[in-house]
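Enquirer: Given next are the chains, with one letter for each unit.
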Amino acid sequence: MVPISYYLALSAILFALGVVGFLIKRNLITLFMSIELMLNAVNLAFVAFAWQWKSLNGQVFVFFVMVVAAAEAAVGLAIIIAVFRTRETLNVDRVDLLKL
Amino acid sequence: MLQLVLFFVFGIIAVAAAVNLLAQRHPINSALSLIVVMASLAALFLLMGAEFVAAIQVIVYAGAIMVLFIFVIMLLNAGEEERTPGSRVAMLLGFPAVVLLAGLVAWTVLAHNPHPVTVDLAGRFVGSPTLIAQLLFRDFLLPFEVTSVLILIAIMGAVVLASPAGTTTGPGSPERPPAKREE
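As they're listed, the protein sequences go chains V and W. Taking our numbering, the leading residue of the first sequence gets 1, the next gets one more, and so forth. Taking our numbering, the leading residue of the second sequence gets 1, the next gets one more, and so forth.
Rather than coming from a laboratory, the hints here were simulated on the basis of the structure. A portion of the hints provided could be inaccurate.
Unchecked claim - Stretch by stretch, here's where chain W covers chain V in the computed footprint (C-beta under 8 Å, at least three residues):
(1) 15-21
(2) 35-44
(3) 50-59
(4) 67-81
Each residue gets a CB set at the ideal place from its N, CA and C atoms; glycine is no exception.
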C-alpha cells in the first residue's frame, strides 16, 4: 500500500531536478535531456492520478505525451545539429547571435 | 509492504540517477543516467498497474528516444561541458529557485489532494493494451489521428533541418542543378 502522495512527491522532486538541470547545465544536449526528465516526471503524475481515480484516460494522456516528446526530440536534435554545424559549439552561452 | 519497499527502491534509484544527470559533465554520462531514470519509472508504472505505459516507456523512451540522443552526442563528438561566467550565475540563482519550486509544487500537490487514496496492487486496475486501445481508437480517435500528422511533420522538419543547406531539393525538382557552394 503506497500512498498516492508519495508518487506525487517523487514526481515533484524529479520535475524540480529537471528544472535545475535546465537552469545550470550549459550543454544544449543536456538541456534537452532535462526537458525529457521533466516530461517523465509529469508522466509519473499522470499515471498516479489515473490510478487514484481508476480511470485509464491518464494513461492515454501519457501515450500522447510520449508521442509529443518523440516528435520534439527528433526536431530538437535536428536543430542542435544545425546549430553545431554553423557555430561549432554546443555551449548555450556561445549561441547568442541571431546572425553570424 | 512489498509495494512500499519496491516504491522506495525504484524511487531512490530514479532520484539518484536524476541527480547524477546533473552532476555529470559529459553528456554521454548524463544520457545513460537518464536511461536509468526512465527504466526505474517504468518499474513504478508497473507498480501502478500501467502495463502498456511501462512497456512503451521502455521501448519508446529508453529505447528509441535515448538512442537518438546518444547518436547525436556521438555524431557531434560532444566533449565535456565548459564552465563560463554564465554557468556560475545560473548555479547561484538556479538552486534557490529550484528548492522554492520543488517546495511549492510538493505543497500544492499534497495540500490540495482531496482523497488520500492508497495504492493497492490487489485492486485489479490494470492498463492493459486492450483497454488502452479501446479508449485510444474510440474516445481519443481524433487526437490519435492528429498525432500521426504531428509525427509526419516532425519527420519532415527533422530531415529539412538536419540536412546541409542545398541538399534538400529531393526528387520533386529534378531540373534543379546540384547545389553549389557559394563563395
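Enquirer: Would you mind marking each hint as holding or not holding in the structure?
Expert: Consistency of the hints with the structure:
1. With a cut-off of 8 Å between beta carbons, the segment 15-21 of chain V has 7 residues touching chain W; three or more are needed, and the interface restraint holds.
2. Counting residues of the segment 35-44 of chain V whose C-beta lies closer than 8 Å to any C-beta of chain W gives 5; at least three are required, and the coverage claim holds.
3. For a cut-off of 8 Å, the count of residues in the segment 50-59 of chain V with a CB near a CB of chain W stands at 7, and the three-residue condition holds.
4. For the segment 67-81 of chain V, the stated coverage by chain W is satisfied: 14 residues place a CB nearer than 8 Å to a CB of that chain, which reaches the threshold of 3.
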